[in-house]
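Novice: What follows is each chain in one-letter form.
Protein chains: 2
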Amino acid sequence: MRRIRLIVAYDGVRYHGWQIQENAITIEGELTRALRELLREDVEVIGASRTDSGVHALGNVAVFDTDARIPPEKIAIALNHHLPEDIRVQRSEEVEADFHPRHCNSIKTYEYTICATKMAVPVLRNYAYHVYHELNVEKMRDAARKLEGIHDFSAFCSAGSPVENKVRRIIAADVSEEPIEWGNGGRLVRIRVSGNGFLYNMVRIIAGTLIEIGMGRQSLESVERALETGSRQAAGPTAPPQGLMLLGIDFQNGI
Amino acid sequence: MRRIRLIVAYDGVRYHGWQIQENAITIEGELTRALRELLREDVEVIGASRTDSGVHALGNVAVFDTDARIPPEKIAIALNHHLPEDIRVQRSEEVEADFHPRHCNSIKTYEYTICATKMAVPVLRNYAYHVYHELNVEKMRDAARKLEGIHDFSAFCSAGSPVENKVRRIIAADVSEEPIEWGNGGRLVRIRVSGNGFLYNMVRIIAGTLIEIGMGRQSLESVERALETGSRQAAGPTAPPQGLMLLGIDFQNGI
Chain A
13 MRRIRLIVAY
23 DGVRYHGWQI
33 QENAITIEGE
43 LTRALRELLR
53 EDVEVIGASR
63 TDSGVHALGN
73 VAVFDTDARI
83 PPEKIAIALN
93 HHLPEDIRVQ
103 RSEEVEADFH
113 PRHCNSIKTY
123 EYTICATKMA
133 VPVLRNYAYH
143 VYHELNVEKM
153 RDAARKLEGI
163 HDFSAFCSAG
173 SPVENKVRRI
183 IAADVSEEPI
193 EWGNGGRLVR
203 IRVSGNGFLY
213 NMVRIIAGTL
223 IEIGMGRQSL
233 ESVERALETG
243 SRQAAGPTAP
253 PQGLMLLGID
263 FQNGI
Chain B
13 MRRIRLIVAY
23 DGVRYHGWQI
33 QENAITIEGE
43 LTRALRELLR
53 EDVEVIGASR
63 TDSGVHALGN
73 VAVFDTDARI
83 PPEKIAIALN
93 HHLPEDIRVQ
103 RSEEVEADFH
113 PRHCNSIKTY
123 EYTICATKMA
133 VPVLRNYAYH
143 VYHELNVEKM
153 RDAARKLEGI
163 HDFSAFCSAG
173 SPVENKVRRI
183 IAADVSEEPI
193 EWGNGGRLVR
203 IRVSGNGFLY
213 NMVRIIAGTL
223 IEIGMGRQSL
233 ESVERALETG
243 SRQAAGPTAP
253 PQGLMLLGID
263 FQNGI
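Protein chains in written order, with the numbering used here: chain A, 13 to 267; chain B, 13 to 267.
There may be inaccurate statements among the hints.
Copies of one chain are not kept apart here, so a pair can be met inside one copy or by any two copies together.
Below, computed lysine-lysine pairings styled on DSBU-like, alpha-carbon distance capped at 35 angstroms [to be verified]:
hint	residue 1	residue 2
1	Lys178	Lys130
2	Lys86	Lys178
3	Lys158	Lys86
4	Lys151	Lys178
5	Lys130	Lys86
6	Lys130	Lys151
7	Lys130	Lys158
8	Lys178	Lys158
9	Lys86	Lys151
No wet-lab data here; the hints were simulated from the structure.
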């Protein structure tokens, strides 16, 4: 029996998120089906990040155990023949038998993309959140920096999460921008956050909070207040899923 | 009667190109329907660039004549309510009654995007051409530069084009690259071409030729040979449509 790790990229538009469900199409469901077709074994998949409906990934991670003789690094290409074109395994490799993608130290990096233009840009509609307002990117960056470090992120977690300990460490949080020179002009604004674990909807609530600050509807201090009070009301709304992308997970430098 | 110019952005995936057709969904067809619904007039649309099936735009241009009293600059927002979300008018404005978007001097700028990665990247599948090979971007850039200037582009025009004069001027042709740090790594390679007019499939044949050169299948000299002989066989294949985007059209600085 060998444990195989997959790096998985997908376009989340068509899917009801990562986690397998009875009556809905999911990434984990498609991966499981494809693995069973390829290996003719009753494979069970364990994913690192159970991304929401509509959220994308360049490098989510999953593992499974197999007795099949196929060389581990060949599984990626073979598996892609059994997957729809909006899911592509980027790499496959053997890992230690006790490697678990959730019960181990790792750093996850997410990016949230905002299209700040007067009119929506059709090619970005599934990959960015369109905001009509001008955004003060410098203020957003200052607010992002305040999230760095070890904090209780209760204010940045959707109600109903069963997790008790809401202390997490954000290694880096930054905001960058790029001009859109064509059409009617505007900017792409990207929020990038790396950390050792994220609560339910945490990155989308961070994005919603930074957008409020960028629009001038909330002050920089609202971030400090949210961290101190742990009150969900002190943070901003949950930004929509299509702007979110899981870039990758680093298991080597986990903390 | 006033002539109104529209800047139109669209995602070409769902469409059989720009030009209106009886039994197929097209950008021009949707625009015409939306304008007739909004203005309750028998509007005819004239487009600047009749992009192919699957090709995208940030700033294509169209004009139409109307007797409606709606302020010209308000048409964009009103029209978007009648359009599907993969077409968005970016701006509307009144122009001279004799302004014709094809029979006038203008500079069009196109971008062709290549995703040079070992495995396809799902979120880019409709917006870039996936090439497994490593590409020599410097050679591609040198080849692009050779296209600049006034040339007979017969070798870069699909057979069956009714156009007789195939001399065009390319103002600028350049190739840029950006690393993809996540998933399995790789690069995004972008070919940007500006000119005073383009033949049928010209940018896609330029892209196909530069990709052959980047892969080492063709030499730099093949571009010179293609320009000199005018032989379609001397240039590369027509690269697929999804990598192509019409960025915009400049009527002010036309030549």
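Novice: Check the structure against each numbered hint from earlier and tell me which ones fail, lowest number first.
Specialist: Violated hints: 1, 2 and 3; rest satisfied.
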